[in-house]
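> These protein sequences, in sequence, are chains A and B.
If you read the first sequence in UniProt numbering, its first letter stands for residue 1, the second for the next number, and so on.
If you read the second sequence in UniProt numbering, its first letter stands for residue 1, the second for the next number, and so on.
If you are wondering where the hints come from, they were derived from the structure by calculation, not from laboratory data.
Please note: incorrect hints may appear among the correct ones.
Heads up, the list lumps identical chains together, so a pair's fine if it works in one copy or across two of them.
The list that follows gives simulated cross-link-like pairs (lysine-lysine, DSS-like), each with its CA atoms no further than 25 Å apart [what the hints assert, rightly or not]: (1) Lys56 / Lys275; (2) Lys310 / Lys275; (3) Lys3 / Lys139; (4) Lys267 / Lys313; (5) Lys275 / Lys189; (6) Lys139 / Lys172.
2 protein chains.
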Amino acid sequence: MNKIIGELDRSKMIYLISHINPDGDSIGSLVALGSTLKEIYKDKVILIKSDNIPRKFNFLTNIETLSDLNVLNNIRDNSVLITLDCGDISRIGEAYNYIDKFKKIINIDHHISNTNFGDINIIKSDASSTGEIVFDIIKENNLLLNKDIANALYTAISTDTGSFIYDNTTSKTHRIVAELLDYDIDKDKIIYEIYQNRSMEKTNIFIQAIKHLEFFSNNRIGITVITKKMMNETNAKSEDLDGIVEFIRDTDGVEIACVIKELENDKVKVSLRSKSRINVSEIAEIFSGGGHIRAAGYTIESNVEVAKNKVLKEIIKRLR
Amino acid sequence: MNKIIGELDRSKMIYLISHINPDGDSIGSLVALGSTLKEIYKDKVILIKSDNIPRKFNFLTNIETLSDLNVLNNIRDNSVLITLDCGDISRIGEAYNYIDKFKKIINIDHHISNTNFGDINIIKSDASSTGEIVFDIIKENNLLLNKDIANALYTAISTDTGSFIYDNTTSKTHRIVAELLDYDIDKDKIIYEIYQNRSMEKTNIFIQAIKHLEFFSNNRIGITVITKKMMNETNAKSEDLDGIVEFIRDTDGVEIACVIKELENDKVKVSLRSKSRINVSEIAEIFSGGGHIRAAGYTIESNVEVAKNKVLKEIIKRLR
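Model the full assembly from the supplied sequences, consistent with the hints where possible.
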């Protein structure tokens, strides 16, 4: 890490950015590292929002200091870009158009698939979150850690571990969080904003999706359909569908969960989750999609009913 | 604690019990303390189940060694009873009928309302869970801690903190859990059994409840009704209703959540939750019920519709 500090010392300006469709780790690690670097480098540090920031993260201190992409029109020579939680450089979105203007890129991430696109790469795939790596960087370099920064790191780690249930959660994760709680962070407020404040749009599309849930093959398959009409009537956005397929999967007996979302009249997106035995990426590949053993998806040109029958047929084949 | 060990040394037999309607902390702390004491006191130690144990805890080692209440028909002189996670002695259920046969009661609990009913009381209301207190007892007395016992303690602590989101979660809680994870516990299996394996009955009654969810007063009130017919059709038990009123409360804008459950034809149970401002125990008290500021309830003799109108009227009064 000392080489990073050396690099930052030599830079005219330091820009930080994280990935589009930002989640808690994207925003939290950005705000945390940005805030601690501002202590040293003051106005040399600029935090950039690659995308709109979900309202639920508005409680973070310094969130209002994030700059729009147009600040990139005036990048000075000898500037460095720090990317956070981006497995690939394309994850920074439209900011990629400005990439050649940077002297160096510092790539800080925990995704095992990271493409090492940086001039300096700090990739720790055993870290639960990029927030955990930022915590390490702060400790190793004796950078400032205060309540605001601890709030941002807790947000990053809590969200990327599903509140410490995902298998990326280690004893180290819990030890870091214990240390963050010692900063008297606003844990209850963070928990409320992140987990206990579901929007009415998300609530209503969830209700619609659950109303249309069907089980097949002795409850081993759970499928629901979300039509454009349902999305319009509830005023829901794509991100409001998060959690539906997992809700179905987490039912006792269900081995495969599936959500079929109508994108256009004859175009649907199919999301698949498997509990244990079945490799859903094999099913996704049949329809030119992809993913992992337990989570995969694809888009096909067909109406909802045809898509449902096709995916059901493939699932049933594999249940036998 | 040394006085406990002294007491146990002097006892003919050591019985352990926890509360009826057992949750993860009840079962986990019982199995953990029982297992570590068996290492020292062998057959002197008897673990008692005060109630049926939910299937989801079957993965715990030693869960099958728990004895039925009838083992209490042969209590020897000079025996001690350890109660775990019981705020009041009545929480041990029918085992209370045998209470006079014990020489001493050791009461280990974290509820602030604990009535100190024991001859020895180890009450730590700042502990997240009774599991956390058992961990301390094990460490202070150099008792055995192994993977099986760590599994049981993790189960206790994880469930009683809602996976580390409730405000009873402290930095100490996270430090203990870090140490438990160092025993290479079966975390993924525990998480699956506890959080990701919702029964079909619970799933179906949840769907029914959500279908009947209604919002009032500009979405500041969310109410649903669960009839006997719905319970029968889904084959659900009372415990399967856990989480429904919280799901309603956790909607953005909702200040009061309410679940009205039909018990008999003209008898209903009303559960209330408040997000912040309103004291729902005041509403419960009007109908001879009780509770806390944020969670309260009552039972009244009326049909579902009348009960709904009555509670709505009281809520609306307070929203103004």
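> Indicate, hint by hint, whether the structure satisfies it.
For each hint, the structure was consulted:
1. Taking the closest pair of Cα atoms, Lys56 and Lys275 come within 25 Å of each other only across two copies (16 Å); inside a single copy the shortest separation is 30 Å, beyond that limit.
2. Proximity of Lys310 and Lys275 under a CA criterion of 25 Å is satisfied intra-copy only: 20 Å inside one chain copy versus 44 Å between copies.
3. Only within a single protomer do Lys3 and Lys139 lie at most 25 Å apart by alpha-carbon distance; the minimum there is 15 Å, versus 42 Å between protomers.
4. For a Cα distance limit of 25 Å, the shortest separation of Lys267 from Lys313 inside one copy, 19 Å, qualifies, whereas the shortest one across copies, 47 Å, does not.
5. When the C-alpha separation of Lys275 and Lys189 is checked against a cutoff of 25 Å, the pair qualifies only between copies, where the shortest distance is 12 Å, while the shortest distance within a copy is 32 Å.
6. In this assembly of identical chains, the alpha carbons of Lys139 and Lys172 lie at most 25 Å apart whether taken from the same copy (14 Å) or from different copies (20 Å).
Comparing the model with each earlier hint shows no violations; every hint is respected.
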